[in-house]
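Here is how the chains run, residue by residue.
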Amino acid sequence: MASLVRSWIPLLILQSFLVAVAFGSKEAEQFSEALLLKPLPDRKVLAHFHFENRAPPSNSHGRHHHLFPKAISQLVQKFRVKEMELSFTQGRWNHEHWGGFDPLSSMNAKPVGVELWAVFDVPQSQVDTSWKNLTHALSGLFCASINFLESSTSYAAPTWGFGTNSDKLRYGSLPREAVCTENLTPWLKLLPCRDKDGISALMNRPSVYRGFYHSQRLHLSTVESGQEGLGSGIVLEQTLTVVLQPETTSVETNMQPSWSLSSLFGRKVVGSCVLAKSSNVYLQLEGRLGHESKNVDTEIEAHKLWKNADFDLSLKPDRVLRESSGLLFIFDIDKSSDSEPFDLGLNWKLPSKWSCQQAPLQASRFLMGSGNERGAIAILLKATESQEKLPGRELTDGRCTIKANIFQIFPWYIKVYYHTLQIFVDQQQKTDSEVLKKINVSPSTDKVSSGMLEMMLELPCEVKSAAISIEYDKGFLHIDEYPPDANQGFDIPSALISFPSHHASLDFQEELSKSPLLSSFKEKSLVRSYTEVLLVPLTTPDFSMPYNVITITCTIFALYFGSLLNVLRRRIGEEERFLKSQAGKKTGGVKQLLLRLTAKIRGRPIEAPSSESPAAESSFLSTKLIFKIILIAGAAAAWQYFSTDK
Amino acid sequence: MATEKRDKEEEEVKTDDGSLKIKPRPIVQLGIFLVAHSPVFSVVFSAAGVLALLILPLLAKNTYISENALMPGSARSMLSNRDVSDGSKLVKDIKNYRLNHEGQVQKLIGKYMSEMGAEVYYQKFHPEGNQFHPLHFFSGPDSYTLLDNVSCASYGVNVAGIIRAPRGDGKESIVLVTPYDFINGGDYEALSLGITGTLFSLLARVTWLSKDIIWLVADSRYGDYRPVAAWLTEYHSPSFKDSDLLKCGELNTADKFRRAGTMAAALVLKVDGRSERFEDTLSIYAEASNGQMPNLDLINVVNYLAVHRQGFYVKVEKVVSLLSSSWLKIIGEIFEAVGKLAHTLNPDWNFGIPTADYLEGSATLASSLYSQALGIPTGPHGAFRDYQVDAITLKVSPRFPPDSKTRQHDFFLRGAKLLEGTIRSVNNLLEKFHQSFFLYLLTSPSKFISVGVYMIAFALLVASLPMVAASLYIDGCKALNNSTLNPAGNFKSWKWLDAAKQVFALHLFGLIVTLLPYFICQVPGQHSPSNRSIMWGTTSSSLLLITFATIPGCSPFSSRRHGTNWAVLKSVTISAAFIGLCLMSIINFATAEIGALLLVPTCLIVQPIKPALRSRRIKSLLGAFCSMVLLTIGFPVMLFAISKGLFGEGLVGLSLGGEFWTWLESLWAWKSATYLYIGMVHLPCWLLCLCILFHPS
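Protein chains in written order, with this note's numbering: chain A, 1 to 646; chain B, 1001 to 1697.
Don't read these hints as lab results, they were simulated from the structure. A hint or two may mislead.
[Said to hold, decoys possible] Under the rule of at most 30 Å between Cα atoms (straight-line distance), these lysine-lysine pairs were calculated in the DSSO-like manner: (1) A:K447 with B:K1111; (2) A:K464 with B:K1247; (3) A:K353 with B:K1644; (4) B:K1432 with A:K353; (5) B:K1089 with A:K430; (6) A:K430 with B:K1111; (7) A:K415 with B:K1247; (8) A:K438 with B:K1256; (9) A:K437 with B:K1432; (10) A:K382 with B:K1089; (11) B:K1061 with A:K349.
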C-alpha cells in the first residue's frame, strides 16, 4: 500500500504540474503579427506592420520568457516603466492625403527623428534618475543617440498637454536623429521570428527605406495583475509604418496604380511565423461603402466586394468587415507555403478618387522674422473640409466649441517671452480669456532646462483659421555647445496638437475576431498631429576667431608690458644728459647711424666712444658688416640668376 | 592707423615743448618725417592708391568651389524628354490661353503645378511698397504694414508651388523664382516658365531631394522686385489680421499660404532678348542692397555648370564704355609690357595679362564696384538678402527667336539641366553657405578679388589724410602763434575749436539736407520730380545761407576777424572726411572706395584761391585750377550727370534736377547707405572744401 502510495505521489506531483502547465497555457505569452495595407488617395500605399507580444503577469521569481524579449522585460523591471513609447521616424506624415482622423494616423504619425516618452512607477523624486538611466539603456539597445535625451535641457514633464495625465511622465524628442537600418535591426531582434519568417520577412531594407514615410514604433505598457504575489504583465507593441510608391507604368495620372506585395517589397510571404498565435494581412479600402449593398450574406455579393468593376484582388479574402467609412478585407496567411506564397495584389480597373478623413484642424508651424536677434513662432490652425462632419463637438454655455491642446517644448536657446502670446481667430485678435481655457507654462533656464508650453484652446465650431504667435530672443551658446563644423541651424522639436474631445476609432459593424491590431483600432484613441520641425539659424561665431583673438591679445599684452617696462626702467633724465653730451662731440652722421645699427644688432646698449680704438673697432666692424651684407646679396643674386637660367 | 595717430600726438608734444634738439625715438622720428614731408607722401600714397585700384584686374584670382559638399556636376542629369515636353506644353498652353482668354494665367500655371504633385497657392499683393522713412534706414525688412484704404484697382497675384522632399524633414527649402508679367509678358519671358516647368516636372518625381522646392511665379506687372519682396514678407512676417486685399477679385487666397522651412538659397531665372553671340548667354547678377553679395560658392557652382556642362556663355555686367576708352587701353598695354618684362626676368612672375583681358576685367570691376556702391539690388534676388538668404539672378538670352520649336527643346533641356545641377548642389549642403567669400569683387564670372586685396587701394588712399591733417595743423598753429589777432591764441590746445565748430555746423546742415526729402514728400499735392528737386535745392541753399549768417566764422565771406585759419580748417575737414570714409568702408566698402577716389584728391589739393590769384605763379594757378575742377566734379549733381554719361545712358539735359531727384529717391527707397554717405559725408566735406577755396586769407 505504502509502495502504491509512494508510487502515486510522483504521479500526483506530475499531474498537478501538468495541470498547472495546462492552466498556465491560457495565460501564456502570446505573439501575433499582422500587416495592414491601405491604398492612399495620392497614389501611394501604406503598409503597417503590427506585432504584439504579451507577457502575462507572472511570479516575480520566474524571469524566464518563452517568446517575450528578455531585454525589454529587464528594462521594465529595472526602471519600473509603466508605459513607454519610442519611435524612429523619417519623412513627414501628409495629413492632407494620408488622413488625420483614424487610429492609424493618430498613433503612427510621429515627428521626424526620435521621440520617447515614458511613465514610471517610482516615487516622484526618482523619476528623473529613472528617465536618465532608461535613455542610456535604450540608446544601447537601439543603436541610437537616445542618450542625448538624458540632459535636462532636452526633455520635459508635460502635465496634461500630452494627453496622458501623469506627473511621472517624461517626454523628449531628437529631431535630428537619422533613422536607418541600424535602428531597425535591433528592433527586429525583439521579434521571435526576427525577419526570417512570417510577415516580417517582407521587410526588405531597400524597399522599406525607399518609402516616403517610415516610422518604427515600440510601445510597451504594463498590465497590473491585481493578484498578490504576481508581478505585472507586459504588452509590447511593435509597429512599422511605411508609405510606399508603387512602380507604375501607366501614364494616366488619375488612375490608381496597381500593386502586389511582391512589387511593393520585392518579396512574398511564405507562411506565418510559427510562434505567432495569429498572423493576418488586412487590406483597408476607404470610401468604398456607397457602391455596395448592405447584405454580404450571399456568396455572389461577397465575391462582388473584392472582384468588381473598380478593382479586383488577386486572392480571395477570408473575411470582409465593414466599418463606417470603408471595407476591411482579412486574409489569413497560414495557408501559404513555399510552393504557394502569399502575394496579395490589388488591381485597379477604373480611376477612383476618395479622400481621407482629416483632423478637425490642420496645424502648421513656422518661424517669423529675420535676422539673428529675435523672431517669433507661429502656429496656424486651419479648418479642414471634414471639420463639420466630425463628432466630438461640445456645447459650452450654449456655444459649439472645438477643443485643441497645444504642447510645445522650447529649447533654452529659444528664449520665449510668454507675455507676447497673441491669438487670432478668423483674423481677429482675441484676448486670452476668450479662447484660452487652460495654460501651463514652465519657463526655460539657461543651459539647465528647456521651456514648455501647454495650452488648451476652445475655438468656436465655425472657426476657419486660428493663429498663435509668440516671440522669442535667440540665445548665445557657449563655444563648446556648437556642433564642431559649421551648422545649418538648431532645431525646435515638433509641437503636438491634440483634440481632447475628438477620438478616432474604427467602428466595425460585425463582431471582431480577437485580432490585436483590430482591437487596438477599435479602442478610442486621441486625435493628435505633430507639426513640422523648425530650424532656427543662430548666430554662429567665426571659429577662427579664437586664433585672431589670441594674436590680438598677445600683441596688446606685448605693447602694454613693453611700454610699461620702458616707463619703469628708463631714466629719461640720464638719457637726455647722455644725448646732450653726445650731441656735444658730434661724430659723423653715417658713423653714428652705423654705430647704432651695430648696437642694435648686438643687442647691447650704445657704448660711449670714450677712446679712439673702440670707435675704430666699431667702424671696422661696420665695414665688415657692410661687406658681409654685400657678399650675401651678391651670392643671392648670383644664385637667383643661375637657378632661373637653368 | 593707430600708430600714426600716436605718432601725431607725440610729435605734437614735441613741437609744443620746443625741445627739438633731442633726438626722439625712431618710431616718432618716422612720424615726424612723414608729417614733415606730407605733401610728397600724400601724393605718393594717393597715386599708389589709384595704382592699386588699377592693377586689381591683374591680381584677380580664379574662382574655385570652396565647399566640398557642393560637388557640382558630379551627378548625372536625370532630365528626360518627357520633362521637356511637359515644359513645352506649359509654354504652349500659356500662349494659347492668353490668345483666347482674358484673365488669370496664374490659374493655368497653378493647375500645371498641382498636376505635377505640388502644393499650390496664390498670393495677392500690393504694388506699392517702398517708402522713405528716415528712421527705417538699416532696420530690417518692414513688418507687413497693410494700408487700410486698399483699393482693388491694382494688385498682383503670385503663384507658388511647393514640392515636398519625399524623405526630407521639411526644415529647409530652395526657392526658384520666375518673374512673369501675366498681362503683357513677351514670348521670351514665357520661356523662363518653360525651363522651370521642365525642371519642376523632374523634381516632382526625384527621390534625392532633401530640401523642399518652392517655385514662385512672381507677377512682374509691377516690376520684378516688388512681387518677390511681397511674397517674402508674407512668408516671414505675415499679418494674421484681416485684410481687404484678400477680398479683391474672384481668387480666394485667404489662409492658403504655405511655407517650407528656412530658405537655403534662391535662384531667380529670367529669359530676355536674343543673345548677340553665337552661344546662349547667361548673365549673373548678384549685388543686393548696400553692396551685400551672396556667397561666392553659389556663383561658382552656376558658373561651373554653365560653362563646363551646358556650354553657356557666362558673363557679368560690365561698363561697356570703358572697353573702348583709350586711356585704359594704354594702361593695359603698360601693364602687359611690365608683365612681359617681369616674365623675362623671372619666369615665375606671371602677373601680366593681355590688354584685352585687362580691359574686360577693369570694365567688369568698375561695374561691380558701381553696383555695390549704389546699394540698389540688381534684381529680384536682392529681396532675399534681407532675410539672409543667398540668391542670384540668372538672365538667359537664347540665340534663337522665341518661336523656334526645335531649338526650344534643346534650350529647355540645357537650362533645366543647369538649374537641376545647381539645386542638386545646394541640396547636398548640410550647413549654410559659409565656406567661401562674402566680400569680393568680380572681374569676370570666373575671377574674383577678395577683400584682403581690394582693401589695399582704399587704405593707401586714406592713409595720406591723417598725415596731411597733422602737418596742416602744425602749420596752422604756427601761423596763429605768429598773428596776435586771435584772442583764443592763449589756449594753445583749443586752436582747432573754431574750425571744428564750422565743420560741425556744416555736417549738421548735411544731416538736415539728407532728411529734407522726407518732408518735401509730405508736402500735399502732386509735384513733378523736377519741382521737388527745385524745392529741395532752394530750401537747402536758404538753409546754407542761414547757417552762414547765424554762426559766426562759418562763412567763407565773413570778415577776417572771425575767420579761422584756413590750414586749421582744412586739417579738421580732412580729419572729418577721414572718419567719414572709414566709417563708410565698414558699411559699404565700394561706396567708400569710390568716395575716397573723389574726396581724397579734392581735400588734399584745395587751397585758398585768392592768394594763388594774387601770386600769379604758374604752380599756384595750376593748383587753384585743379581744385576748381575737382570741386566741380565733386558736386553730387555733377557726379550723377558724369556717371550717367559714363554708363552710356545718354547725356542729360534740362531735366537733370528731376532725374537727380528720382535717382536719390530710388536710393532712399532701397535703403541705400550711399544716400546717407552723400548727404552726411560727401556734401559737408565738399562744402567745406568750397569754404577753403574761397577763404579770405
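Checklist entry - Regarding the pair K1089 of chain B and K430 of chain A, is the alpha-carbon distance no greater than 30 Å? => result Given pair K1089 of chain B, K430 of chain A is violated - Cα atoms ~48 Å apart, limit 30 Å.
Checklist entry - Is it true that the CA of K447 of chain A sits at most 30 Å from the CA of K1111 of chain B? => result Violated. K447 of chain A to K1111 of chain B sits at ~49 Å, over the 30 Å cutoff.
Next on the checklist: For a C-alpha distance cap of 30 Å, please report whether K437 of chain A and K1432 of chain B respect it.
Outcome noted: The given pair, whose Cα atoms are some 41 Å apart, is violated under the 30 Å limit.
Checklist entry - Within a Cα-Cα threshold of 30 Å, do K430 of chain A and K1111 of chain B meet the stated pairing? => result Given that 30 Å is the threshold and the Cα spacing comes to 36 Å, the pair is violated.
Item to check | Hinted pair K353 of chain A and K1644 of chain B, Cα distance within 30 Å | outcome: Outside the cut-off at roughly 62 Å; violated.
Item to check | K438 of chain A paired with K1256 of chain B [C-alpha distance capped at 30 Å] | outcome: Since the Cα atoms of K438 of chain A and K1256 of chain B sit roughly 29 Å apart, the hinted pair holds (cutoff 30 Å).
Next on the checklist: Check the hint pairing K464 of chain A with K1247 of chain B against an upper bound of 30 Å on the C-alpha distance.
Outcome noted: holds, 15 Å
Next on the checklist: For K1061 of chain B and K349 of chain A, compute the direct alpha-carbon distance and say whether it is at most 30 Å.
Outcome noted: Measuring from Cα to Cα gives roughly 63 Å; hence the hint is violated.
Next on the checklist: What's the verdict on K415 of chain A and K1247 of chain B, does the C-alpha distance respect the 30 Å limit or exceed it?
Outcome noted: Not OK: K415 of chain A and K1247 of chain B at ~37 Å, beyond 30 Å, violated.
Checklist entry - Are the Cα atoms of K1432 of chain B and K353 of chain A separated by 30 Å or less? => result violated, 41 Å
Checklist entry - Is it true that the CA of K382 of chain A sits at most 30 Å from the CA of K1089 of chain B? => result violated, 35 Å
Of the hints listed earlier, those the structure fails to meet are numbers 1, 3, 4, 5, 6, 7, 9, 10, 11, in rising order.
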